[in-house]
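Asker: These are the residues of each chain, in order.
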Amino acid sequence: MSEITLKINGKDRPVDVSSDMPLLWALRDKLNMTGTKYSCGIGQCGACTVLVDGTPMRACITPAASVAGMNITTIEGLDPEGEHPVQRAWHKIDVPQCGYCQGGQILTAVSLIERNPNPSNDDIDAAHSGNICRCGTYHRIRKAVKLAAQYKRGGAK
Amino acid sequence: MSSKQILNRRAFLKVSTLASGAFLIGVSYRNNSAHAKTESDGSTWSPNLYIRIEPTGSITIVSKNPEGGQGIKTAMPMVVAECLEVDWNNVTVEQANLDDRYGRQTAGGSRGTPDGWDDLRIAGTGAAYMLRAAAAETWGVSIDSCQAKNGNIVHAKSKRSLSYGKLASLASKQTVPPVDKLKLKSRPSEFNLLGKRIPGVDNKKIFTGQLSYGCDTRLDGMVYAVFQKCPSFGGKVRSANTDQIKKAPGVVDAFIVEGTDNLKGLMPGVAIIAETWWEADSARKQLQVDWEKIQSDSTADYTRQAEALSKQSGETLGEVGNVDKAFDTAHKVIESQYYYPFVSHANMEPQNCTAFQHPSGKLELWAPTQNPKSGRSLIAQTLRISEDSIHVNMTRLGGGFGRRLTPDFMVEAAYLATKVNRPVQLQWTREDDMQHDFYRPAAWHNLKAAIDKSGKLTAWENHFVTFGSGKRTVSGANLSTRHYPAGLTPNTRLRQSLIQTKVPTGPWRSPGHSAYCFAFQSFMDEVALAGERDPLEFRLDLLKQRHGKTDFDTERAAGTLKLAAKNANWGRAMGPNQGQGLAFHFDHGGYVAYVAEVTAQESGQFKVDHVFGAADSGPIINRSGADNQIEGSVIDALSTAFLEISFADGAVEQSNFSNYNLLRINQAPSISVDYIQSDNPPTGLGEPPIAPATPAITNALFAASGNRVHSLPLGKQGLYI
Numbered sequence: 000m001s002e003i004t005l006k007i008n009g010k011d012r013p014v015d016v017s018s019d020m021p022l023l024w025a026l027r028d029k030l031n032m033t034g035t036k037y038s039c040g041i042g043q044c045g046a047c048t049v050l051v052d053g054t055p056m057r058a059c060i061t062p063a064a065s066v067a068g069m070n071i072t073t074i075e076g077l078d079p080e081g082e083h084p085v086q087r088a089w090h091k092i093d094v095p096q097c098g099y100c101q102g103g104q105i106l107t108a109v110s111l112i113e114r115n116p117n118p119s120n121d122d123i124d125a126a127h128s129g130n131i132c133r134c135g136t137y138h139r140i141r142k143a144v145k146l147a148a149q150y151k152r153g154g155a156k
Numbered sequence: 000m001s002s003k004q005i006l007n008r009r010a011f012l013k014v015s016t017l018a019s020g021a022f023l024i025g026v027s028y029r030n031n032s033a034h035a036k037t038e039s040d041g042s043t044w045s046p047n048l049y050i051r052i053e054p055t056g057s058i059t060i061v062s063k064n065p066e067g068g069q070g071i072k073t074a075m076p077m078v079v080a081e082c083l084e085v086d087w088n089n090v091t092v093e094q095a096n097l098d099d100r101y102g103r104q105t106a107g108g109s110r111g112t113p114d115g116w117d118d119l120r121i122a123g124t125g126a127a128y129m130l131r132a133a134a135a136e137t138w139g140v141s142i143d144s145c146q147a148k149n150g151n152i153v154h155a156k157s158k159r160s161l162s163y164g165k166l167a168s169l170a171s172k173q174t175v176p177p178v179d180k181l182k183l184k185s186r187p188s189e190f191n192l193l194g195k196r197i198p199g200v201d202n203k204k205i206f207t208g209q210l211s212y213g214c215d216t217r218l219d220g221m222v223y224a225v226f227q228k229c230p231s232f233g234g235k236v237r238s239a240n241t242d243q244i245k246k247a248p249g250v251v252d253a254f255i256v257e258g259t260d261n262l263k264g265l266m267p268g269v270a271i272i273a274e275t276w277w278e279a280d281s282a283r284k285q286l287q288v289d290w291e292k293i294q295s296d297s298t299a300d301y302t303r304q305a306e307a308l309s310k311q312s313g314e315t316l317g318e319v320g321n322v323d324k325a326f327d328t329a330h331k332v333i334e335s336q337y338y339y340p341f342v343s344h345a346n347m348e349p350q351n352c353t354a355f356q357h358p359s360g361k362l363e364l365w366a367p368t369q370n371p372k373s374g375r376s377l378i379a380q381t382l383r384i385s386e387d388s389i390h391v392n393m394t395r396l397g398g399g400f401g402r403r404l405t406p407d408f409m410v411e412a413a414y415l416a417t418k419v420n421r422p423v424q425l426q427w428t429r430e431d432d433m434q435h436d437f438y439r440p441a442a443w444h445n446l447k448a449a450i451d452k453s454g455k456l457t458a459w460e461n462h463f464v465t466f467g468s469g470k471r472t473v474s475g476a477n478l479s480t481r482h483y484p485a486g487l488t489p490n491t492r493l494r495q496s497l498i499q500t501k502v503p504t505g506p507w508r509s510p511g512h513s514a515y516c517f518a519f520q521s522f523m524d525e526v527a528l529a530g531e532r533d534p535l536e537f538r539l540d541l542l543k544q545r546h547g548k549t550d551f552d553t554e555r556a557a558g559t560l561k562l563a564a565k566n567a568n569w570g571r572a573m574g575p576n577q578g579q580g581l582a583f584h585f586d587h588g589g590y591v592a593y594v595a596e597v598t599a600q601e602s603g604q605f606k607v608d609h610v611f612g613a614a615d616s617g618p619i620i621n622r623s624g625a626d627n628q629i630e631g632s633v634i635d636a637l638s639t640a641f642l643e644i645s646f647a648d649g650a651v652e653q654s655n656f657s658n659y660n661l662l663r664i665n666q667a668p669s670i671s672v673d674y675i676q677s678d679n680p681p682t683g684l685g686e687p688p689i690a691p692a693t694p695a696i697t698n699a700l701f702a703a704s705g706n707r708v709h710s711l712p713l714g715k716q717g718l719y720i
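Residue numbers (numbering that gives the first Met the number 0), protein chains in the order written: chain H, 0 to 156; chain L, 0 to 720.
Hints listed in this document are in silico derivations from the structure and should not be mistaken for laboratory results. Do not rely on the hints blindly, as some may be mistaken.
[Claimed, not checked] To give a feel for the contact side, a few chain H residues facing chain L, derived at Cβ under 10 Å: (1) Ile3; (2) Gly9; (3) Pro21; (4) Tyr37; (5) Ala46; (6) Val51; (7) Gly53; (8) Gly76; (9) Pro79; (10) Glu80; (11) Gly81; (12) Ile131.
[Said to hold, decoys possible] Below, a list of computed lysine-lysine pairs in the DSBU-like style, where the Cα atoms sit at most 30 Å apart: (13) L:Lys204 / H:Lys145; (14) L:Lys182 / L:Lys156; (15) L:Lys606 / H:Lys91; (16) H:Lys145 / L:Lys203; (17) L:Lys203 / H:Lys151; (18) L:Lys235 / L:Lys470; (19) L:Lys447 / L:Lys548.
Just so it is clear, CB atoms sit at the ideal spot from N, CA and C, and this is done for glycine as well.
Pulled out of the complex, with its shape left as it was, chain L reads as follows (with noise of 0.2 Å):
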């Protein structure tokens, strides 16, 4: 953990070193001193990156990473300020564009709060220190008996007081302090904003429609496009009525996009571009594509593979132990199949990007991105441009969930810049948006334990049968050897079948982790039943079990586990049809844990009554913002156990909410949250608070009515809430 850290320190400087005229208070490990320049127009002081200053005292904390709903632009401008020692409510937030002295500018990976911790505390306890320097200097006293409080510098001896305005200028001239002279906040006893309830700085914005989302810019002569790929991924454009659509009412232009064989790049297609959306789009219903199809793959084809390569023995990735004469050996061998399917992101709001190419040449976005550099990136390859003409501002998201890690809608959208000489706005419908996804990838896990006499678990096989590019896992459908119950359990094997695909997958949510841990958490409870063991104990005791090395902490997984079964009561007496499951995982540095409570019908109809969460990702920044992602992801888990993509002919057969219906709030069940906040450096809660919760219901679900789920979506299994 530390050492990771370190390493992202040492990036974050290099990039703010190389940048000329930029202040930053970085962290040198070679002489271990902070070294600074300040940027000052003698009235607002911009002691870093990150804080201004202005002479009313009033400050602005910058956000640097994509804000899509995870909480990041509220969270870690928090933290700033808290070291900084200002009134949460005297702050401004600014969202920054993309921006290389900035570092990574990225939501993914839940490492948004991880990465940003140390850099942010160093930001606003070194912007505090000159402060307390700069009024030391004023009234001739010693800077220890100077103390940051509330956006004032206080003598308590002289009762003296000055305010961060007014000291702002005589700030920019101190001496920037070495980092190991910085006390840097780090528990909560510590805190007096941090773990508080703080609604999200845009929410006004939000609530007075005020908000300018990716799809909401609006510039002026600016023209609105559709495109048209092909439905069966990776098609080519024969030939299609242009010269019709031309004519259609208020077209400016329609054309034939020749594009790249990259899925995830510039894709081939039909470009209109209009006055209104809505023209554009009522203009495409008249488009006739002659399609040069490149492939068909079917789920009907990939399931009947998966079957016969669940009967061969697969590649072995990894073995401890010896696992086939642990099964010869047992006094119980349990074996299951777990399936789970293709499933999208459906974002709210879909995939835009709005583009526009100056008369100089430069290429300006206006972009929902998760990833702007990535798309910068992408951009500058495909059109053969350099990165420095191009300059990206970062929108709010309509959500992320990974989609927009991918930037296919903005290279389609500088293309069609560079065609029209107005600034364009690419909007996907949500037809493109669920046909032209980055899926998570289904796949089968064969799984089979043995268990001794006590019912202590011996061995563990995992046979993953998922999907490849040659001999390659796709993105978003790789496991790792490592993974629990590894290092718990004496003998242990992971192998690996592929099934070829051509369907283009990425990042969900969590990836991998919220899709394999409902096979590996229900298949526990079933080894755990089979030994006559309650689920909860049997798991506690797996913990304590040492063969090798686990990828995680097993006590802090043990603390969520008893936490989430306390506030449960778990093991208490249910009514009538009614039963509790429960499930934990890791994964992103978080350790997340629930008990979910289930009534379930025989006539397949079941009702999630009440989830109770566990969580420990060290201190927590926002406690809103936290419960905020652990919430969300129990609804997100429960809606998307209902929900599949599937592929005939190369194409997707979903096409809007009307096939792929997300959760209602009259389908949502309440939930409660409580954490362990310990002293470890916090990690991110956008991801880790998911995978867990699907297990935890479907084994609720199992306890309620004895219906062991083990495929998805649930709708398949007859079970309907």
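Only chain H is shown next, with the shape it has when bound in the complex (with noise of 0.2 Å):
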């Protein structure tokens, strides 16, 4: 066991953390920061997906040590009163069913418009094809992303 720092959210969080431990771990039994979600352990399905100075990884197979110091976004830590672009996006078009998978695909869609203003459906497939969601809101996550690209545009309102 070792004392890491996480930046996560804007802010440092010391933990201390055996050294494999991953970052899904770390976040959610050390700093009871529950939003990043198990599902498969194996890196498949994105659900525990963090940003990681801007982009998607996978909390449950990255150790916690080797992301110390960079810059962590959690679904938390997006916008805490849910105004992102995505969030709102999100909300319009009620993507969620059981919505265990959706925080996972809302940091996605983040890092997607971040690089891709105006993504096709082909665009968002490549982001999104990482990230089950075992309820089926593909369909909606589609025009949910485009949404939340026209919101960041400075488009409809």
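Assembling the complex is the task here: the two chains are given apart, and the hints tell you how they should meet.
Answerer: Here it is, written out as structure tokens:
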């Protein structure tokens, strides 16, 4: 065990972890930040997606120690008021069913529209193909990503 | 339909009147008048179990059923708000915990909507009536001149108005109206809120990571557990290296759980408890267990048995007319075998439960369950404690689909809590979840049909080779003789053969229907085409035939078929390698039809271009939620058509999304949804949309490629997307 400092949602969080403890469990069990979800544990489903320096990463297979000092954004830190363009679009389209995968879907969308202000269906499919939604909200994710991009460009309110 | 609803209401009443101190606008059938007693502390008014009115005028509506993505926590409070005449934006929705005063608290059988429809309309309308009575008393006017409007009672003539908050205290002292005095809204034309697209009440919490699913429960001093069961179902622990495990970093305890013989209860295994889940799971990697296996079921053996049984005649469960004679005298006889494999539920949130035994002895649970009551009962039986000492907090579920109707994970957590003097969270791994599910059973359908010269269906036979234990089918493996096309065909017969199984099975979203409909609606296409009939016209003509009773309304079924066909412009000229397919089904009170459009390549690759859905489930309560269930069902059906759970040596061969790979966004079709909003009472939509989606897609595949899918998963037929 050794103490590392994780920079989560803009705050320095010291945490005592073994060298191989994945970021997911440092967040969930050490820091009680449960917005990041466990589902497969092998980087296949994207439920545990966080942004590390703006890039989507699978927290379940990323050792916490490997991202010490980097900017980690979890779903709790996106906009706690839910006013980020992606959060607003997700609400307007009413994307979730069970909602368990949606934190990961939202952070994936955030990263996509940062890079691509006007994503096509193919762009969205490519970005989100690593995020499984068992309830089948894919149809709405496509709509919501486009709406979020529009909000971000300063289009429709 | 109506007699069933009265029964439900009676049960509802019985439970609520037994409870002391609770107020409920109940319905008494003995004297046909309502009775109630109200709870009021002078400021907050709780006219019944579902509604709380604050002095500020804000309204809290309680949602009693588990929410797992089916949208019940938004839809049912909308019914209350509609009848209470309040602004939805002023409403706060609260999740109930397990409380017997609510009666049934289950997410299953698509029953939440039909069961709640009367009770919640009465609750809302009754409370509004009492608020009107309070205003009438205040102003010295007649109640009929007082209108409930948008959270206020309005007296139009004198232009006076009082908010619900201000009236709450006086309203609680009013005489409760008899139910027959209440005018309940029932038609779409009467609704202000119902039928609109209302986003989920928990959306904001989901989007900010604040929503607590079962696995997000965090309690002071909590420890985490993993539980290793025998990969081969039912196996017992001879010995395990728990002494070594106890020395692993972070581990608090490790011990053998003797368990029971109940495959749906507390199974034998080894528990590891640690300060973090990661440490418990890491220690598990060093765990060595000597298992005593009790069975060695395998898919290969099931298949061999099915082949042999298919050649025999099986047991006849029902025959109408004379099927053999009909085949002998038929113009044409069509025969096909259909097969679908076992599948898993694969909830995104793996099974988990948190439990704590308080020093007082009270056992408290935080459970993502579809059926908290059965969990409480299983725990009480297994641990030999009183149900009164068990309190179940109902968390949101990260998906259900029927898996969480079986509360094995609850009894496991409860047992661990009795062994550990701290709150304990049992979290299954994905592998645990996939390998210890209650699977939708596989089956073989040996189908045979006869048509006359005009192509009309004259006989239909299904030799159903399914799974049993002894002489009974296992859970989720039975069919009824009354299913379509019974009642529409002069000669029908259902024969059944059972393969013995020791694999745990259970309900999977629209049990039975979501499986056999693929076989029936695919074969129906084969029969239509054998008689050179258009699949739509053939189905519509068949719905007009009458040979006894059907278990559904044929006109409503035809209505959905026609609507889907109209929206898809059925029969229009398609592109090269493109085709349309259709299917319909009735289950859980709902009618759903689809037209799917597919483009297929010679390589076996195909794309579902678009799916047109049409449903008749009575008035739509939340249009957004309803659409979500239908869109999700199409995806679920296509996803599941590629999946298979297989067994070797009594254990599941698949383990994670790497070898049980759910559909991805790049494989998902676009979908449009339309409704026939009849005056029938509303039914749920969690289940009815899934069954016909699979055959609509496979029928379209045939139209596009000439490739008839007789067997799932699609990947094994060389098909991929």
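Asker: If a hint holds in the structure, say so; if it doesn't, say that too.
Answerer: The hints, checked one at a time:
Residue-level restraint check for H:Ile3 is violated (minimum Cβ-Cβ distance to chain L is 15 Å; threshold 10 Å). Interface restraint check: H:Gly9 against chain L, minimum CB-CB distance 15 Å, threshold 10 Å, status violated. Checking H:Pro21 against chain L by beta carbon gives a least distance of about 7 Å; that is within 10 Å, so the hint holds. A least Cβ separation of about 7 Å between H:Tyr37 and chain L falls short of the 10 Å threshold, and the interface hint therefore holds.
The beta carbon of H:Ala46 comes within 6 Å of a beta carbon in chain L, closer than 10 Å, and the hint placing it at the interface holds. Residue-level restraint check for H:Val51 is violated (minimum Cβ-Cβ distance to chain L is 16 Å; threshold 10 Å). Of the supplied interface hints, the one on H:Gly53 is violated, with its beta-carbon coming no nearer than about 18 Å to a beta-carbon of chain L, more than 10 Å. Given hint, H:Gly76 at the interface with chain L, holds; its Cβ is 8 Å from that chain's nearest Cβ, closer than 10 Å.
The criterion of a C-beta within 10 Å of any C-beta in chain L is met by H:Pro79, whose closest approach is roughly 5 Å, and the hint holds. A hinted interface residue such as H:Glu80 counts as satisfied when its beta carbon comes closer than 10 Å to some beta carbon of chain L; here the least separation is about 8 Å, so the hint holds. At a threshold of 10 Å, the smallest CB-CB gap from H:Gly81 to chain L is about 5 Å, leaving the interface hint in force. Annotation: H:Ile131 was flagged as interfacial toward chain L, and the flag holds, the nearest CB pair being 5 Å apart, inside 10 Å.
Restraint check: the Cα-Cα separation between L:Lys204 and H:Lys145 comes to about 22 Å, which is no more than 30 Å; the hinted pair holds. Our distance criterion of 30 Å between C-alpha atoms is met by L:Lys182 and L:Lys156, whose separation comes to about 22 Å. Of the pairs offered as hints, the one joining L:Lys606 and H:Lys91 holds, with about 29 Å between alpha carbons and a cut-off of 30 Å not exceeded. A distance of roughly 19 Å separates the Cα atoms of H:Lys145 and L:Lys203; the hinted pair therefore holds under the 30 Å criterion.
The hinted pair formed by L:Lys203 and H:Lys151 meets the criterion: a straight-line CA distance of about 19 Å does not exceed 30 Å. For the hint pairing L:Lys235 with L:Lys470, the CA-to-CA distance comes to about 26 Å; that is within 30 Å, so the pair holds. Using a Cα cut-off of 30 Å, the hinted pair L:Lys447 and L:Lys548 holds, with the two alpha carbons roughly 21 Å apart.
Checked against the numbered hints listed earlier, the structure breaks hints 1, 2, 6, 7; every other hint is satisfied.
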